[in-house]
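Asker: Residue strings, one per chain:
4 protein chains.
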Amino acid sequence: MSKDFHHRRLIEFVDTDMAGIVHFSNYFRYMELAEYAFFRQLELEMMHHRDGGKLAWPRVHVECDYRKPLRFGDEVDIRLRISALREKAIHYHFEFRRVQDGQPGELVAEGRSIIVCAQVDEGGDIKGSRTIPDYIAEVLRKYVQPE
Amino acid sequence: MSKDFHHRRLIEFVDTDMAGIVHFSNYFRYMELAEYAFFRQLELEMMHHRDGGKLAWPRVHVECDYRKPLRFGDEVDIRLRISALREKAIHYHFEFRRVQDGQPGELVAEGRSIIVCAQVDEGGDIKGSRTIPDYIAEVLRKYVQPE
Amino acid sequence: MSKDFHHRRLIEFVDTDMAGIVHFSNYFRYMELAEYAFFRQLELEMMHHRDGGKLAWPRVHVECDYRKPLRFGDEVDIRLRISALREKAIHYHFEFRRVQDGQPGELVAEGRSIIVCAQVDEGGDIKGSRTIPDYIAEVLRKYVQPE
Amino acid sequence: MSKDFHHRRLIEFVDTDMAGIVHFSNYFRYMELAEYAFFRQLELEMMHHRDGGKLAWPRVHVECDYRKPLRFGDEVDIRLRISALREKAIHYHFEFRRVQDGQPGELVAEGRSIIVCAQVDEGGDIKGSRTIPDYIAEVLRKYVQPE
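Protein chains in written order, with my numbering: chain A, 1 to 147; chain B, 1 to 147; chain C, 1 to 147; chain D, 1 to 147.
Only chain A is shown next, with the shape it has when bound in the complex (with noise of 0.2 Å):
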């Protein structure tokens, strides 16, 4: 059986802008912070390969639907899976649901990202997508679930 992920966070005053709700940037934002707990609850380093190389993780396609807004004080709920696994991507779905007496209730919005398995040089600089280690994708696979 494949399993979810889930990140939670409150919504802070800086993330608002002045129509008084969450800027809709700030989206991508949370979906990167999910990402990463993620793969800290893993215990995946994500920028560390086991090998002795670095790896960069970026983003080659995002996009977000946004169905209501969040304000300030809002607790937010983000669901991620991994709706494919490619042998350099990983594809996200992520569902954002604002906390309504400590479960996730009503969907605010709806996000997707591809994100691309790179080698990093020495100098830091990202040198091209690779396939994911295998021992990075056979923990990932659990958490496949074809949208």
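Worth flagging that the hints you see were computed from the coordinates, not collected in a lab.
Worth double-checking, as some hints may not be accurate.
To be verified - Cut-off 25 Å, straight-line C-alpha distance, at most; resulting in silico cross-link-like pairs (SDA-like, lysine to any residue):
| # | chain 1 | residue 1 | chain 2 | residue 2 |
| --- | --- | --- | --- | --- |
| 1 | C | K54 | D | F72 |
| 2 | D | K68 | C | F13 |
| 3 | C | K88 | C | A118 |
| 4 | A | K68 | B | K54 |
| 5 | A | K88 | C | F13 |
| 6 | C | K68 | D | K68 |
| 7 | B | K127 | C | E122 |
| 8 | B | K54 | A | K88 |
| 9 | D | K142 | D | F72 |
| 10 | D | K68 | C | H48 |
Since the structure of chain A is provided, determine the placement of chains B, C and D on it from the hints.
Answerer: Below, chains B, C and D without anything else, positioned relative to chain A:
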């Protein structure tokens, strides 16, 4: 003949992240900047309707495809087109090109957004979508270029 | 005996800049977070006065001294104290320490801010400073620790 | 006679918060922008030393006093002066004025920052402070205006 709108921005230090490149979430800020610059150039007031009411333009969808990184010191040219004009919504298409020798050069990213015209009540809350006012739609029509 | 308040935050990727460290402007976001967390813990509602009016807490002064960089993956412990409580203003003092073995360790930065209690009119505009409501001042007094 | 440097910026929607005004942390972004624009105008390369080494300019202190709010659509004029030039440090002073009829008008905020010249090693890490290179100090001296 339909028209383009171009907006330029110098990449700021704070826009970068530890990978040495512009953080992917900033492209959505750039799209919004281009959009506001577009409205200013058209002398359309986005927030105050001519009839006295207030308007808001919430996003219902945004997306971005990344091809090449932008770095501190780069100048980016953002080409905005309207790919579709609906009764209540504007579909934007954005091309991000690195400025080279003063001209838009290499394509670094491509974005899309859909914004909806909404009524704002006196307390400043968004009440729901509405038809785009005629005097706005009329001007926007000149910029429509289907993809 | 007067009391401390501590707030912790994991450094996020987006908080870094191309120098590989947390961008200096983010420390002011962290101070604000600590402050809101402080009010939440005290069950003081910062924005809505018990008497029905609305309050705002604009900053009149902020500052920060930087000693050591923070990096992605670090956890920072923010110690908030009230260094002075005036009729209309709160003077905060903040210590930022890197969390080491679960404890606040090395001092990485020190900040100060002065916020003023202000009345908000019905349109949401700040009208001017006012005396801090008694029920708020009473609770805050327990946290006063002159530098 | 010593000189001023002015930088202008149009306030962006994303810079605002739910109080309808520019979030206080953004003034530090504006200071940094003014500083980089200043170096560009002087044709001083802040990051790459003429002798081939790399330089960084970490902040050791920043502060800001807020007098009036800035709002979306405002244009702000940032006047940068060097209030003191030390062997290893630059002390900046900033005045933020709302642009009125094309001229710097009402003072809305005042800022200060102290940045230190630092050596960067080949891995990109900051190694410690160093004397400001002569060819940089010589140019900066013309902008020194003690407060």
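Asker: Run every hint past the structure and note whether it holds.
Answerer: Hint check results:
1. C:K54 with D:F72: holds (22 Å)
2. D:K68 with C:F13: violated (33 Å)
3. C:K88 with C:A118: Between K88 of chain C and A118 of chain C the Cα gap is close to 8 Å, so the pair holds against 25 Å.
4. A:K68 with B:K54: holds (20 Å)
5. A:K88 with C:F13: holds (22 Å)
6. C:K68 with D:K68: Violated: K68 of chain C and K68 of chain D sit about 32 Å apart, past 25 Å.
7. B:K127 with C:E122: holds (19 Å)
8. B:K54 with A:K88: Violated, at roughly 48 Å.
9. D:K142 with D:F72: violated (34 Å)
10. D:K68 with C:H48: holds (23 Å)
In this structure, the earlier hints numbered 2, 6, 8 and 9 are contradicted, and the remaining ones agree with it.
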